[in-house]
Amino acid sequence: MSMPYYVAPEQIMKDRADYARKGIARGRAMVALRYDNGIALVAENPSNTLRKISEIYDRIAFAGVGKYNEFDQLRVAGVRAADLKGYQYSRDDVDARSLANGYAQMLGQIFTHEMKPMEVEILVAEVAHDNVSDQLFHILYDGTVMDERRFSVLGGDADAISARLNESWAEGLSLSAALKGAVGALSGPDRELSTDDLEVAVLSRTNGRRCFLRLSDTEVAQLLAA
Numbered sequence: 000m001s002m003p004y005y006v007a008p009e010q011i012m013k014d015r016a017d018y019a020r021k022g023i024a025r026g027r028a029m030v031a032l033r034y035d036n037g038i039a040l041v042a043e044n045p046s047n048t049l050r051k052i053s054e055i056y057d058r059i060a061f062a063g064v065g066k067y068n069e070f071d072q073l074r075v076a077g078v079r080a081a082d083l084k085g086y087q088y089s090r091d092d093v094d095a096r097s098l099a100n101g102y103a104q105m106l107g108q109i110f111t112h113e114m115k116p117m118e119v120e121i122l123v124a125e126v127a128h129d130n131v132s133d134q135l136f137h138i139l140y141d142g143t144v145m146d147e148r149r150f151s152v153l154g155g156d157a158d159a160i161s162a163r164l165n166e167s168w169a170e171g172l173s174l175s176a177a178l179k180g181a182v183g184a185l186s187g188p189d190r191e192l193s194t195d196d197l198e199v200a201v202l203s204r205t206n207g208r209r210c211f212l213r214l215s216d217t218e219v220a221q222l223l224a225a
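The C-terminal residue of the sequence shown carries number 225 in numbering that gives the first Met the number 0, and the numbering is unbroken.
By construction, these hints were calculated from the structure, which means they are not laboratory data. It should be emphasised that the depicted structure is a prediction, and the values quoted were computed from it without experimental measurement. Any given hint could turn out to be false.
[Stated by the list, open to error] Once the Cα atoms are required to be at most 30 Å apart in a straight line, the calculated DSBU-like pairs of lysine-lysine come out as:
hint, residue 1, residue 2
1, Lys-13, Lys-179
2, Lys-84, Lys-21
3, Lys-84, Lys-66
4, Lys-115, Lys-66
5, Lys-179, Lys-21
6, Lys-13, Lys-115
7, Lys-13, Lys-84
8, Lys-115, Lys-21
[What the hints assert, rightly or not] Beta-carbon label-pair distances, calculated as ranges:
hint, residue 1, residue 2, range
9, Arg-25, Arg-90, 33 to 43 Å
10, Ala-225, Ala-7, 54 to 64 Å
11, Val-131, Ser-89, 19 to 29 Å
12, Thr-205, Met-145, 20 to 30 Å
13, Gln-87, Ala-169, 39 to 49 Å
14, Ile-11, Arg-90, 34 to 44 Å
15, Met-145, Arg-208, 21 to 31 Å
The beta-carbon is built from N, C-alpha and C at its ideal position, and this holds for glycine as well.
Taking the hints into account, I'd like the entire structure generated from these sequences.
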């Protein structure tokens with residue numbers, strides 16, 4: 000009788016993490032950063048229909064990189080959870096932290112117990128009523144949650160993009176300056192991104208109850224030229 004094949008748990012976890020990271024690295028990156036009136040979300044995405052950035056609730060946005068069908072499943076689950084909580088309790092009770100915790104539990108469960116982990120990184124962003132309490136929760140494929148204060152970078156080449164963004168970001172940036180910094184960080188020194196290559200949205204605290212606003216190519220071009 001043959002002996003059962005044994006693989007150490009550490010090796011299984013390492014293989015799953017490597018698999019997820021490789022899948023995410025194949026995708027294009029996105030960044031989210033605070034500016035004076037809210038949070039700007041900028042993704043390298045030439046598609047006009049398949050969105051990386053979406054609204055979850057009144058003051059909350061979602062962004063994902065990696066395998067589209069997988070992070071879109073997570074987006075839909077977040078919308079349903081937020082709608083249900085807002086209906087059962089109050090709209091003010093829906094917050095990014097509880098959504099991020101829910102996502103972390105879901106991704107951690109899949110990473111630990113399923114054969115294949117999700118090849119995704121996601122972001123849950125919430126704009127506050129003041130300019131010091133905005134929240135950016137970056138959630139990894141294994142359920143790890145990072146609370147980031149200034150900006151967040153998801154996807155391939157994140158370290159280099161973060162380094163470039165760190166040079167341009169400052170407290171109290173205008174939307175125009177924030178977008179220029181984000182696009183410069185995504186494009187790097189060796190290429191140039193046009194508005195056709197970008198998906199841009201903002202969570203603006205001056206936009207009324209529903210803070211999410213998607214920017215057109217024309218609006219993005221005007222802000223980059225300002």
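Hints and how they fare:
1. Lys-13 with Lys-179: It is violated: about 37 Å lies between the C-alpha atoms, which goes past 30 Å.
2. Lys-84 with Lys-21: Given pair Lys-84, Lys-21 is violated - Cα atoms ~35 Å apart, limit 30 Å.
3. Lys-84 with Lys-66: 28 Å, holds
4. Lys-115 with Lys-66: Distance ~13 Å between Lys-115 and Lys-66 Cα, so the pair holds.
5. Lys-179 with Lys-21: Measuring from Cα to Cα gives roughly 29 Å; hence the hint holds.
6. Lys-13 with Lys-115: 12 Å, holds
7. Lys-13 with Lys-84: 36 Å, violated
8. Lys-115 with Lys-21: Given pair Lys-115, Lys-21 holds - Cα atoms ~13 Å apart, limit 30 Å.
9. Arg-25 with Arg-90: 33 to 43 Å: 38 Å, holds
10. Ala-225 with Ala-7: 54 to 64 Å: For Ala-225 and Ala-7 the Cβ distance comes to about 56 Å; the hint holds.
11. Val-131 with Ser-89: 19 to 29 Å: Holds - the Cβ-Cβ distance for Val-131 and Ser-89, about 24 Å, lies within 19 to 29 Å.
12. Thr-205 with Met-145: 20 to 30 Å: At 28 Å between Cβs, range holds.
13. Gln-87 with Ala-169: 39 to 49 Å: 41 Å, holds
14. Ile-11 with Arg-90: 34 to 44 Å: 42 Å, holds
15. Met-145 with Arg-208: 21 to 31 Å: Since Met-145 and Arg-208 have Cβ atoms about 28 Å apart, the given range 21 to 31 Å holds.
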